[in-house]
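**Student:** Each chain is listed here by its residues.
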Amino acid sequence: DAKTTQPPSMDCAEGRAANLPCNHSTISGNEYVYWYRQIHSQGPQYIIHGLKNNETNEMASLIITEDRKSSTLILPHATLRDTAVYYCIVRVEGTYKYIFGTGTRLKVLA
Amino acid sequence: GAVVSQHPSRVICKSGTSVKIECRSLDFQATTMFWYRQFPKQSLMLMATSNEGSKATYEQGVEKDKFLINHASLTLSTLTVTSAHPEDSSFYICSASLTGGRTGELFFGEGSRLTVL
Chain Y
224 DAKTTQPPSM DCAEGRAANL PCNHSTISGN EYVYWYRQIH SQGPQYIIHG
274 LKNNETNEMA SLIITEDRKS STLILPHATL RDTAVYYCIV RVEGTYKYIF
324 GTGTRLKVLA
Chain V
421 GAVVSQHPSR VICKSGTSVK IECRSLDFQA TTMFWYRQFP KQSLMLMATS
471 NEGSKATYEQ GVEKDKFLIN HASLTLSTLT VTSAHPEDSS FYICSASLTG
521 GRTGELFFGE GSRLTVL
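Those protein sequences? They're chains Y and V, same order as listed. Counting from 1, position 7 in the first sequence corresponds to residue 230 in the working numbering; the numbering is continuous, with no gaps. Counting from 1, position 74 in the second sequence corresponds to residue 494 in the working numbering; the numbering is continuous, with no gaps.
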């Protein structure tokens, strides 16, 4: 079973920040949080991952709460090409096995 | 980043035939690859873990005789859908991890869309 819960859908205006929440209340101390996105009919694309510190790269920022029970992916300036399904995943401890949840369908509006 | 490639990207076959899908890691060696399937408007469902040189590990409910997985080299895993039926029509996606395990990031292929008539 997936270890994360996400809202099924969100809309965001083009140029604005998109904040995608994820709940992972049962996460273990050494499990990482990963974010991927899937554009229609393509394979998932890696965005970012983190353990307990906030992370930033050229695509996004990841904010993890101090208790690690939830996180937020931030796309600072959403574009139409960011329309996709975003998956928050907790890596199964000790393996590379990912269990995908239902994800959030983000629609960026012009 | 590392590249994972799948072939074919689309395949249409008649009911009862077998179809092979290839997954290659192009610029790295992958001791472990994963196969997922995805139905329309649904999430990815893990089917099996493919281990180089050994038998695949299948998730509960996935028929191993139906979905044959072979991981004969560090850069190639194949999924064969045997005696395919219309209900096997789906989007099949593979992913691979880097040898050595220094990162948990997975690299995904482009996916292969199977349509069984």
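Be aware that one or more of the hints could be misleading.
Stated by the list, open to error - Not everything, but these chain V residues come out facing chain Y in the computed CB check (under 8 Å):
| # | residue |
| --- | --- |
| 1 | 448 |
| 2 | 459 |
| 3 | 463 |
| 4 | 466 |
| 5 | 505 |
| 6 | 506 |
| 7 | 509 |
| 8 | 517 |
| 9 | 525 |
| 10 | 529 |
| 11 | 530 |
| 12 | 534 |
| 13 | 536 |
Everything labelled a hint here was simulated from the structure, so no lab data went into it. Note that CB positions come from ideal geometry on N, CA and C, so glycine has one too.
**Student:** Measuring from the C-beta of residue 505 of chain V to each C-beta in chain Y, is the shortest one below 8 Å?
**Tutor:** Violated. Min distance 22 Å.
**Student:** Would the hint on residue 463 of chain V be counted as holding, given a Cβ-Cβ threshold of 8 Å to chain Y?
**Tutor:** holds, 5 Å
**Student:** With a cut-off of 8 Å on the beta carbons, see whether residue 506 of chain V makes it to chain Y.
**Tutor:** The hint is violated - residue 506 of chain V has no Cβ within 8 Å of chain Y, the shortest such distance being about 19 Å.
**Student:** So, as I understand it, the hint says residue 525 of chain V touches chain Y; can you test that by seeing if any CB pair is closer than 8 Å?
**Tutor:** At about 6 Å, which falls below the 8 Å cut-off, the nearest Cβ of chain Y leaves the hint on residue 525 of chain V intact, so it holds.
**Student:** So, residue 517 of chain V near chain Y? Judge it on the closest CB pair being under 8 Å.
**Tutor:** holds, 4 Å
**Student:** Against chain Y, with CB atoms and a cut of 8 Å, does the hint on residue 534 of chain V hold up?
**Tutor:** Check failed: Cβ of residue 534 of chain V comes no nearer than 13 Å to chain Y, outside 8 Å.
**Student:** Should the interface hint for residue 448 of chain V be scored as holding, given a Cβ-Cβ cut-off of 8 Å against chain Y?
**Tutor:** violated, 13 Å
**Student:** Have a go at the residue 509 of chain V hint: is there a Cβ in chain Y nearer than 8 Å to its own Cβ?
**Tutor:** Residue 509 of chain V check fails; min Cβ-Cβ to chain Y is 14 Å, beyond 8 Å.
**Student:** Measuring from the C-beta of residue 536 of chain V to each C-beta in chain Y, is the shortest one below 8 Å?
**Tutor:** Violated, because the Cβ-Cβ distance from residue 536 of chain V to chain Y comes to roughly 18 Å (cut-off 8 Å).
**Student:** Can the hint on residue 529 of chain V be confirmed by a CB-to-CB distance to chain Y that is less than 8 Å?
**Tutor:** Hint holds; residue 529 of chain V Cβ to chain Y Cβ min 5 Å, cut 8 Å.
**Student:** Any CB of chain Y closer than 8 Å to the CB of residue 459 of chain V?
**Tutor:** Given a least distance of 13 Å, the restraint on residue 459 of chain V is violated.
**Student:** The hint names residue 530 of chain V as touching chain Y; please verify it with the least Cβ-Cβ distance against 8 Å.
**Tutor:** Constraint on residue 530 of chain V satisfied, holds at 5 Å.
Hints 1, 2, 5, 6, 7, 12, 13, counting from the list given before, are not met by this structure.
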